Amino acid sequence: MIDDNTPDIEITELRKLTQVIKDKYDYDFKDYAMSSFKRRIKRVLDLYKFKNVEKLVSVLENNPDFFEEFVSEITVNVTEMFRDPTFWKVLKEQIIPNILLNHNKITIWHAGCSSGEEVVTMCMTLDEMGALDKAKIIATDIDTAIINKARNGTYSMKNMEVNSKNYARYQGTRSLEYYYKEVNGEAVIHKSLLENVSYRKHDLVQGVVFSKFDLILCRNVMIYFNQSLQNAVLNKLHESLFKYGYLAIGSKESLIWCEIANKFIIVNNEEKVYKKVKD
Amino acid sequence: MRYNLSNKYKAIVIGGSAGSFQGITQILASIPKDFPLPMFLCLHRLKHVRHGFVEALSIKSNKVIAEPFDKENIKKGGVYLAPANYHMCLELGNTLALSTEELVNNSRPAIDLTFESASYVFRDKLIGILLSGANRDGAYGMMKIKQRDGLTIVQDPNESMINAMPNAALAVTKIDHVLTVNQIVDFLIELDKLYKIS
Numbered sequence: 002m003i004d005d006n007t008p009d010i011e012i013t014e015l016r017k018l019t020q021v022i023k024d025k026y027d028y029d030f031k032d033y034a035m036s037s038f039k040r041r042i043k044r045v046l047d048l049y050k051f052k053n054v055e056k057l058v059s060v061l062e063n064n065p066d067f068f069e070e071f072v073s074e075i076t077v078n079v080t081e082m083f084r085d086p087t088f089w090k091v092l093k094e095q096i097i098p099n100i101l102l103n104h105n106k107i108t109i110w111h112a113g114c115s116s117g118e119e120v121v122t123m124c125m126t127l128d129e130m131g132a133l134d135k136a137k138i139i140a141t142d143i144d145t146a147i148i149n150k151a152r153n154g155t156y157s158m159k160n161m162e163v164n165s166k167n168y169a170r171y172q173g174t175r176s177l178e179y180y181y182k183e184v185n186g187e188a189v190i191h192k193s194l195l196e197n198v199s200y201r202k203h204d205l206v207q208g209v210v211f212s213k214f215d216l217i218l219c220r221n222v223m224i225y226f227n228q229s230l231q232n233a234v235l236n237k238l239h240e241s242l243f244k245y246g247y248l249a250i251g252s253k254e255s256l257i258w259c260e261i262a263n264k265f266i267i268v269n270n271e272e273k274v275y276k277k278v279k280d
Numbered sequence: 025m026r027y028n029l030s031n032k033y034k035a036i037v038i039g040g041s042a043g044s045f046q047g048i049t050q051i052l053a054s055i056p057k058d059f060p061l062p063m064f065l066c067l068h069r070l071k072h073v074r075h076g077f078v079e080a081l082s083i084k085s086n087k088v089i090a091e092p093f094d095k096e097n098i099k100k101g102g103v104y105l106a107p108a109n110y111h112m113c114l115e116l117g118n119t120l121a122l123s124t125e126e127l128v129n130n131s132r133p134a135i136d137l138t139f140e141s142a143s144y145v146f147r148d149k150l151i152g153i154l155l156s157g158a159n160r161d162g163a164y165g166m167m168k169i170k171q172r173d174g175l176t177i178v179q180d181p182n183e184s185m186i187n188a189m190p191n192a193a194l195a196v197t198k199i200d201h202v203l204t205v206n207q208i209v210d211f212l213i214e215l216d217k218l219y220k221i222s
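So the protein lines, in turn, are chains A and B. Just remember that my numbering sits 1 ahead of the position in the first sequence, which is counted from 1. Just remember that my numbering sits 24 ahead of the position in the second sequence, which is counted from 1.
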């Protein structure tokens, strides 16, 4: 990181970039949080050895094939199974049992599912509760390549070490090994575990509300948006929840600043689980 | 004048890793409750331990220390600690932004990210302080602070329990002051006085 050959990226350059993307590809990055978006763009410049944003803009203008790759590189795909083990305990012991108290089915949306570790985690949790067959799960992301990776359910064994540590902290009733088979240095999740999951490409920013859910997980996704976009996305998440459905966000995210915060109550402040109480 | 004192500064960033806990505790115990500048602390910490660090730092601190939420507004004189497993960055428009991006220098939170983003927002009105630590996180951040005409201070490598981090910064950029923790405290108290008379 000490190499510093690329010049500072100016905000005017980023505006030009987001405008070109909007016009040509109909993706809207203009309300992404500036500090992280700028860093992601710098990362793309370094990765492809583009000398400045102007060069990136011209590649995007002239080479539509590059766009999907660009989206993959600027989205943040860092995730773990059972990230925040205490959160998963709360889901298992309080939230999911509460939903199943009144319904025989549970519908779940992973909004911004990335490579799918959280989806796998959810299925393991439901399985341990004996509730997997009651669940219908939709997992979406803006990035086509990462959706395919999630659908594959195959993870590097190297990552399973941290996942196993998280699982131990979560105090699962089995072991992670129960759920996958090791093939050529990779952990292949048993297909039966992910049977009730459907993976789709969906853009939270511009996509429409497509269904209603009992539980939405959107953890550490909105942190990449500015406040006005957070507001807009929260409106969509609200609309996508049944009344008395639950929304889980990242442990250091908050709805306090959002305009429709009063349509939710906080159910677990430590793990940031909210409940929709008003339409 | 011993230090480059000025009341133009708007914020302070402090980075530390192994061996910095004592120093940061002493700084927080010594600055007055109404110290006017916001301080952003990025200290390497265990990724999976969310609790206990703020409490430990708070024991002797005159200031309330907060682990901010994403997009939290920056308060005058507020002290903000980068939460476990998140990068903490400064955003234009007086807010903080958190991120779960890749580890940087094997760290999350990474000092380089806090420092770089703060220097982008505060330009020459930023003071960067880098304490003891075992890797080179913070060196790039200090370089950016200097490039944007901010003030750079490192803990004296002779005093640092582990001097790799101050040395890495000294190797890549001009450091305005090489100070012991006592001198850093002295500097901050002088700075505080200057703000109160002007």
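Just so you know, these hints were derived from the structure itself, not from any lab. None of the values given here were measured: they were computed from a predicted structure. Be aware that one or more of the hints could be misleading.
[Claimed, not checked] Dumping the calculated DSSO-like pairs for lysine-lysine here, alpha-carbon to alpha-carbon at most 30 Å:
(1) B:K34 / A:K43
(2) A:K50 / A:K202
(3) B:K99 / A:K31
Problem - Hints the structure fails to honour - result: Per hint list: zero violations.
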